[in-house]
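Dock chains S, C and E against the given chain V, drawing on the hints supplied.
Chains as they are written, first to last, in my numbering: chain V, 1 to 389; chain S, 1001 to 1389; chain C, 2001 to 2368; chain E, 3001 to 3368.
It is possible that part of the hints are untrue.
[Stated by the list, open to error] Mimicking DSS-like on lysine-lysine, the simulated pairs with C-alpha atoms at most 30 Å apart in a straight line are:
#, chain 1, residue 1, chain 2, residue 2
1, S, Lys1385, V, Lys279
2, V, Lys204, C, Lys2175
3, V, Lys385, S, Lys1176
4, V, Lys77, V, Lys137
5, V, Lys268, V, Lys77
6, V, Lys176, S, Lys1385
7, V, Lys268, C, Lys2175
[Stated by the list, open to error] Over the 12 Å line for every Cβ pair with chain V, so calculated as not near, a few chain C residues:
#, residue
8, Val2064
9, Asp2134
10, Asp2322
[Unchecked claim] Derived, one-sided and incomplete: chain V residues facing chain C with beta-carbon distance under 7 Å:
#, residue
11, Trp153
12, Arg195
13, Pro196
14, Met200
In short, the hints are calculated from the structure, not lab data.
Note that the structure is predicted; figures quoted are calculated from it, not measured.
Ideal placement from N, C-alpha and C gives every residue a C-beta, glycine not left out.
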Amino acid sequence: MDFEYTPEEQSFREEVRTFLKDNLPAPKERGPQFLKDWLTKVREKRWVGFSWPVEVGGGGGGLIEQSILKEEMALAKAPPLGTDMMGLAWVGPGIIQYGTEEQKQRFIPYILDSEGTFCTGYSEPNYGSDLASIQTKAVLTGDHYVVNGQKTWTTLAPWADWIILLTRTDFDVAVKHEGITCLLVDMKSDGVDVRPIENMAGDKHFAEIFFTDVKVPVNQRLGEEGKGWAVTVSALANERSSIGEVTQMFGKLDTLKELVKHTRKAGKPAREDPLVRRKLARFEAQIAAMKYNGLRYLTKQLNDEPLSSETSVNKLHRASLEIEMDDFAMELNGQAGLELNGGAHAIEGGKWTKAALNWPNVVIGGGTPNIQRNIIAERILGLPKDGSD
Amino acid sequence: MDFEYTPEEQSFREEVRTFLKDNLPAPKERGPQFLKDWLTKVREKRWVGFSWPVEVGGGGGGLIEQSILKEEMALAKAPPLGTDMMGLAWVGPGIIQYGTEEQKQRFIPYILDSEGTFCTGYSEPNYGSDLASIQTKAVLTGDHYVVNGQKTWTTLAPWADWIILLTRTDFDVAVKHEGITCLLVDMKSDGVDVRPIENMAGDKHFAEIFFTDVKVPVNQRLGEEGKGWAVTVSALANERSSIGEVTQMFGKLDTLKELVKHTRKAGKPAREDPLVRRKLARFEAQIAAMKYNGLRYLTKQLNDEPLSSETSVNKLHRASLEIEMDDFAMELNGQAGLELNGGAHAIEGGKWTKAALNWPNVVIGGGTPNIQRNIIAERILGLPKDGSD
Amino acid sequence: MNFGFTEEQEMLRDQVRRFMHEDCAMTTVREIVSAKPAFSPPLWKKMAELGWLGLIIPEEFGGVGLRWIDLTVVLEETARGLSPLPLVSNTLAAAALLRCGDAAQRQAWLPGLADGSCVATLALYDEPNWIDADAVTLAAGDGGLCGSKPYVPDAGSADLFVVAFRAGAEHNELKLALLERDTKGLSVTDQPIIDRTKPMGTLVLDNVSLDPDRVLTLAEADLTYLTDCGAVAVTAEMVGAADAALEITTSYAKERVQFGNLIGKYQGVKHRLADMYVDIESFRSLLYYAAWTVDDAPEELSRAVSLAKGYASDAFARIGIDAVQLHGAIGFTAEYDIQLYLKRSKWARPMFGDTDYHYDRVAELGGL
Amino acid sequence: MNFGFTEEQEMLRDQVRRFMHEDCAMTTVREIVSAKPAFSPPLWKKMAELGWLGLIIPEEFGGVGLRWIDLTVVLEETARGLSPLPLVSNTLAAAALLRCGDAAQRQAWLPGLADGSCVATLALYDEPNWIDADAVTLAAGDGGLCGSKPYVPDAGSADLFVVAFRAGAEHNELKLALLERDTKGLSVTDQPIIDRTKPMGTLVLDNVSLDPDRVLTLAEADLTYLTDCGAVAVTAEMVGAADAALEITTSYAKERVQFGNLIGKYQGVKHRLADMYVDIESFRSLLYYAAWTVDDAPEELSRAVSLAKGYASDAFARIGIDAVQLHGAIGFTAEYDIQLYLKRSKWARPMFGDTDYHYDRVAELGGL
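Chain V on its own, in the form it takes in the complex (with noise of 0.2 Å):
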């Protein structure tokens, strides 16, 4: 048990404080060409792909350098080191460990370099939690597949240039987790249909997406034919909570410490409220065991040890906090917590109160809290399926 850095540890904290100063003006003082140098330089670092091999581009660095690397980033409120989100967490990962050279060649450095964003093809109208039902079809024909079929909730799909596709090859098999199979689809190819969909917030982040009759050249194939569903375990694995989200979060408790600070609540400031302060101080105990959480789940991926489905603990955490915070908030300031951008005793604009209405984004999104309940019920304490497999 240790929580101190070794001196190189220190010393990369160090580098990447330096870099910020250095690279970083106040967000008022940025000009129209800074994201584009910002982009360039930290690929220059090798800070994108920080922990992807050297080989295809990447940093080749360890995890905690990584960690500390989130860190700083995400106390100094920097923009992403790339813009292609999904494909700096995931796709990239997905594409080094099963794509072909050409894939690797043609795909790693369009990520790192900020060239275009992938989006996640996944969910499907009527199976929202249970990927491995879907029915989205692909027939291989001569030197492509052909793909017709549906999917939804595609969080940026209004913007994305690629799509991680899964679809199913084989509607034959005994195992529904079969038959899958996983492909990278040019966004601007034929027979794609974008339709955004409008959340409840009134942002159109998400669409539903048509496919055609689709061409997709067999060489973007994202692993074997069948064999999809290994590749988006193996994705989801990826998709982890960390550090850099708990630094986030901390900073979002304190802008909401600062709230209350300057809110009255019933004719008395609302900081003299115990419940007001019992909550905050439950919000700070959440955030600080999804960093002690995290922590613990890092020094067994260092000694190499299994990660088996803790990271659901977090994302538990995560949900109670994205829902119960902006909730907070709003119920603080009366009626002036439901007034919207623009109204005249909106609280910081409204920022609480729209936020108020985009949590499912996170919550639903990377999968429901029932579900995370039942990876945690089934694989961690090993009770029986609920489910139909």
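The following block gives chains S, C and E in isolation, referenced to the frame of chain V:
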């Protein structure tokens, strides 16, 4: 919607109050003869079995008068109207509905005159909640049944004179609710072996009962052979949360408030802590909800509308309050809340602490909260069953 | 003793349900709230004809002369379909006139409120989360009223504003002003809020002179009474809206299949729905009793309504969130109706006091 | 950066598990607590030989000289089997001597604590639910200590009492007295409490004279430090006991059939067990960090331990109740072990501060 009582109802309430004033001395003034006299007097008033038909010896009273009677008795913290709690609650009504003329003449006066007590033999070791699956076997042999098997968690069994026993007379049935037969068994019969079970509070209110070749005359069968489930269902339906229960809980809330008024927490009067105040208010809201829920269901009965499973609503409130109220009293008092009777710092003789170990009597005894939620979900909301039947 | 509704009340309930079904279905609601102000003159007229606008107004002033318990029947059902029409506001303004107005004032204004020709609203507090005489801060000066009155419900559609203001420095020196929309110096700013079916606005008052005929006394007990009436009305709406949210979610659980089963077969779903049912049944019972006390046991109103609104504010907020969550992704699309109920639950929570306020009051009234 | 245990720590854990399994199984625990005092000299001797009694005592005083993080390994495992032996009390008394004693005092007492010849305990506050210097009310007068010291852990088996008392009227004028069991004027009364594996008693003090060699200074920071150490120790025990409760309940859910299925197949059961797992994992992580700060980052100890104990006090209390409830009727029979964990959860909640206390402190330390 009308909460006023008619002049007749008001005068009945006055009658009860006058009776209580004349016949209920303060607890410490009650002599050894008191309870016997009390039981005789309320029996003479025909308040025992108040709503039972006059023909069988009951009071023939209406639902409203009954609720007035229960409310006033609870307010006065009077002793019960008879000593045979289960006989009065459901065995008697079961006999009135399903019993033979002979059974009525034999058992109804027995119950009403508090000559002995019944216990209820439903649960078995492997079927705690799943009553219809019972295995205790009864075989008709000439003019009697021979019973073999085991019951458990039988409340009051260590003192009971009789047991209303659920047995299986037919194992070859399509539906497990069939083939069940209800018997009234003398606890002094040969082959009945009662083994008291100690609970975590140190009490021995309930017991295992072993039946070995116990002979039960056919004339002690209640209802038809194989139709015992109907008797049980009707009996359970009589196990309603009543206005008396609510009055008791308001009484308990009052004592909890008094406790709060006399307790200091973290160096300050506990009553000043908003968390304490709001928690007590929430208890009050739940108890008041039970009251008005109960009145709505009573009104339905008065209008001869069928009652579905709405009473599960109050059972869930009761369960939550049983667990929380005593625990709240313990928590409030910190280390002093840990002390049992005899401790120098014990709060009110450690009664809250002991009660905090006795909630399962109510919470598990009357059907667990999860069973109540299933009942509401399936019978009221019409959701699919998750059990095997 | 009869804790049920009369045949007349059940007929009234059917009538409102029919209206919501035929005239004010969810597509209509969405149309109405997409315009400014979110109001529909023809539907308002129809509600007037059906007698609902003057439901609690005595017959001598053109109303129907019924009781608050009858009103709850109407509000429960209009809220089931998330009606955006200002029935609560109009009724509370009428309650203020009935309680605080003199004979002439009642005669002058109530008939218009009852026949729908004058849409009225009531605005009491100037602080967003404080129910107290001190939270009325708008003060009358030499030039009349100057400043602003925020958080006015249905400000966009109202013709008449019944507005609390401070007539002196003492805690309880309050009065009500009757201000017509075209009053000189008065203008209205929209406050965009989370629930578009419950519009809100701010009155900007630039030396609005006060006509003595249009000023009403407002004792502290009146302020409490009107706040409590507001809480009764909003809680009645919460019962209807929560019930609809449960119904929509239950239906969804009976048709949506995941992992080879109807999701309604999983206890994770069914137990949550059962808990919603328990909560709704419970704050419904508390609300019915509170509504009865308004006319029949006013000395018990404060405690009764605080139990009801205290319970409902917490419970409905949880129901709104969980109803969306149990739907999965579809539940938070703008197209699907369930999210509108979540927004309503957020709106209803602080109105006329949140759980903390009401439970604090329960504790105080209970001697703590 | 390594948030895991070393190989030595894992070996220590195995050693404790073996001891609990072979020497202090639940039947033995039940035997020990059925006697007065609830103590076992042979097991205590064995624990001394294994080095656990002097785990945090430096080698120069006969101890092993390890850290609090090592101690948590031992406490987690002894609490898994609900050990009734006064390891926490003895360790806190040692911590008090180490922190507040002078060289002579340390040398005089610590070797006895380490080798098991002197069972010691620490008693700080006289109020049942107040963590504050003002809650030390026992005062020294002209005749020495007179009055009583309640809530003394393991008072029945202790040979040495390290007792806080008030040496003056000022808030922080406190000292510690070392009182041996046979001190003239000292007697011990048992306090029967809910958890028999955690005995408690009251010292009755009748003009107990204070030998200056047996008086230690106690600055307010020392009081805070010792309280925080106590909270770390109790939370470590909570981790082990809660983990055992989850394990017992999970096993039961895998073998108990109701309505034709293993009860562990119903989400009503499995999701509750999953939530228990989430809570235990979380306060476990918070505890490990807090235990690390005792020796390595003492400036962070207060905040770290308040996060851990604040989380654990609420969560373990809920786990205790739910573990019994998920068992159904069998869970609350005296014969079955799970109810002993419920009692332990009740005991642990207030010790060295409950959730309200610790969360209030988190808020304060966080600038609110």
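Hint check results:
1. A hinted pair counts as satisfied when its Cα atoms are at most 30 Å apart, and Lys1385 (chain S) with Lys279 (chain V) does not qualify at roughly 38 Å.
2. Using a Cα cut-off of 30 Å, the hinted pair Lys204 (chain V) and Lys2175 (chain C) is violated, with the two alpha carbons roughly 47 Å apart.
3. Our distance criterion of 30 Å between C-alpha atoms is met by Lys385 (chain V) and Lys1176 (chain S), whose separation comes to about 26 Å.
4. A C-alpha spacing of about 42 Å is found between Lys77 (chain V) and Lys137 (chain V), which places the hinted pair above 30 Å, so the restraint is violated.
5. Between Lys268 (chain V) and Lys77 (chain V) the alpha-carbon distance is near 33 Å, which puts this suggested pair outside the 30 Å criterion.
6. For the suggested pair Lys176 (chain V) and Lys1385 (chain S), the alpha carbons sit about 26 Å apart, so the restraint of at most 30 Å is met.
7. A C-alpha spacing of about 24 Å is found between Lys268 (chain V) and Lys2175 (chain C), which places the hinted pair at or below 30 Å, so the restraint holds.
8. The Cβ of Val2064 (chain C) sits about 31 Å from the closest Cβ of chain V, beyond the 12 Å cut-off, so the non-interface label holds.
9. With a cut of 12 Å on Cβ distances, Asp2134 (chain C) falls inside the contact zone with chain V, its closest approach being about 6 Å.
10. The beta carbon of Asp2322 (chain C) sits about 10 Å from the closest Cβ of chain V, which is not more than 12 Å, so the claim that it is off the interface is violated.
11. Because the closest C-beta pair between Trp153 (chain V) and chain C is about 4 Å apart, less than 7 Å, the hint holds.
12. Hint on Arg195 (chain V) is violated. Least Cβ distance to chain C is approximately 11 Å, over the 7 Å limit.
13. For the restraint placing Pro196 (chain V) at the interface with chain C, the shortest Cβ-Cβ distance is roughly 11 Å, beyond the 7 Å limit, so the hint is violated.
14. Taking 7 Å as the C-beta cut-off, the interface hint given for Met200 (chain V) holds, the closest approach to chain C being about 4 Å.
Hints 1, 2, 4, 5, 9, 10, 12 and 13 from the list above are not met by this structure, while the remaining hints are.
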